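Peer 1: Here the protein sequences come in this chain order: A and B.
Each residue of the first sequence is one higher than the one before, counting from 1 in this note's numbering.
Each residue of the second sequence is one higher than the one before, counting from 1 in this note's numbering.
Rather than coming from a laboratory, the hints here were simulated on the basis of the structure.
In this text, all values refer to a predicted model and were calculated from it rather than measured experimentally.
We treat Cβ as the ideally placed atom computed from N, Cα and C, and that holds for glycine.
Here are the computed distance ranges between Cβ atoms for each label pair: (1) B:Ala39 with A:Asp242: 18 to 24 Å; (2) A:Asp198 with B:Gly34: 39 to 45 Å; (3) B:Arg32 with A:Trp37: 29 to 35 Å; (4) B:Ala39 with A:Trp121: 41 to 47 Å; (5) B:Arg32 with A:Arg47: 41 to 47 Å; (6) B:Ala39 with A:Leu131: 35 to 41 Å; (7) A:Asp198 with B:Leu19: 22 to 28 Å; (8) A:Trp117 with B:Ala39: 44 to 50 Å; (9) A:Ile232 with B:Asp3: 52 to 58 Å; (10) B:Ile2 with A:Leu77: 42 to 48 Å.
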Amino acid sequence: MSIWEYANPKKFIATTTPVLPWVFAAAGLFLIGGLIWGFFFTPEDYRQGSTVKIIYLHVPSAMMAINAWAMMLVTSLIWLVRRHHVSALAARAAAPVGVVMTLIALATGAIWGQPMWGTWWVWDPRLTSFLILFLFYLGYIALWEAIEDPDTAADLTSVLCIVGSVFAVLSRYAVNFWNQGLHQGASLSLDAEENVADVFWYPLLACMAGFVLLFVALVILRTRTEIRARRILALQARAQRDGVQV
Amino acid sequence: MIDLGEYAAEVISAYAVSLVLLALLVWVSWRRAGRVRRALEQIEGPRADG
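Whole structure, please, built from the sequences with the hints as guidance.
Peer 2: Structure representation (structure tokens):
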């Protein structure tokens with residue numbers, strides 16, 4: 001069986017119907033469990049005090065803000081190369097989820113930055129590239145809404161997604177590229193010496209899993225909605241052409 | 001309630017903002033999914049799309 005079979009809208013809906021409740025349940029379990037664990041059962045950091053608890057929201061949301069764009073890039077490229085409608089609709093479905101993740105990362109970063117850096121905002125390479133990524137998300141969503149013909153909208157938003165990928169990459173590696181600004185480098189590392197302490201790492205891992213699962217669940221749900229909305233438009237167009245009231 | 005010390009306002013507001021945004025996202029997505037599904041069922045009949 002080929003993976004491209006799932007590009008068939010009916011096949012996609014039929015396959016995801018039994019899976020979706022389980023993905024939502026797993027997302028809820030990991031997210032709620034991880035946040036309760038991190039908020040109530042982890043100690044304060046010796047330098048940052050209780051603000052370290054913001055890490056359980058800030059890091060997973062920032063991670064998903066970038067990964068959502070990466071997913072949109074892959075599905076956009078699939079649309080441009082293979083013209084599978086489900087992939088274009090999946091990219092469209094992921095954008096509002098990505099924009100909320102970016103907003104959470106920006107908001108929690110500002111709230112965390114104020115007591116630690118003494119300022120809500122600074123034009124630091126990572127923060128600035130993240131703000132530009134947020135604006136790209138808004139532009140991407142607006143472009144989908146502005147163009148009536150769905151295939152043209154999918155083409156143009158795919159190109160926009162490719163351009164915006166520069167800022168998705170920059171927002172991840174800005175600290176390494178410029179080595180300046182207030183934002184620290186990556187807190188997470190495969191090297192145990194450099195990684196955050198285990199007492200913070202395990203609940204953070206649970207929260208990251210929760211955010212990934214929530215993203216997957218919402219993208220599946222929203223892609224199904226986009227497929228159905230597209231079907232309604234197609235039926236209405238057909239009825240209009242045939243002079244039938246829908 | 002745990003003691004968050006001098007940064008209680010920052011920690012609680014970060015959690016409040018994030019949880020409200022996540023809840024809104026889930027609610028809006030579910031609401032639109034239900035509306036569109038019902039609209040399609042009205043046109044095609046129930047379970048027309050699997």
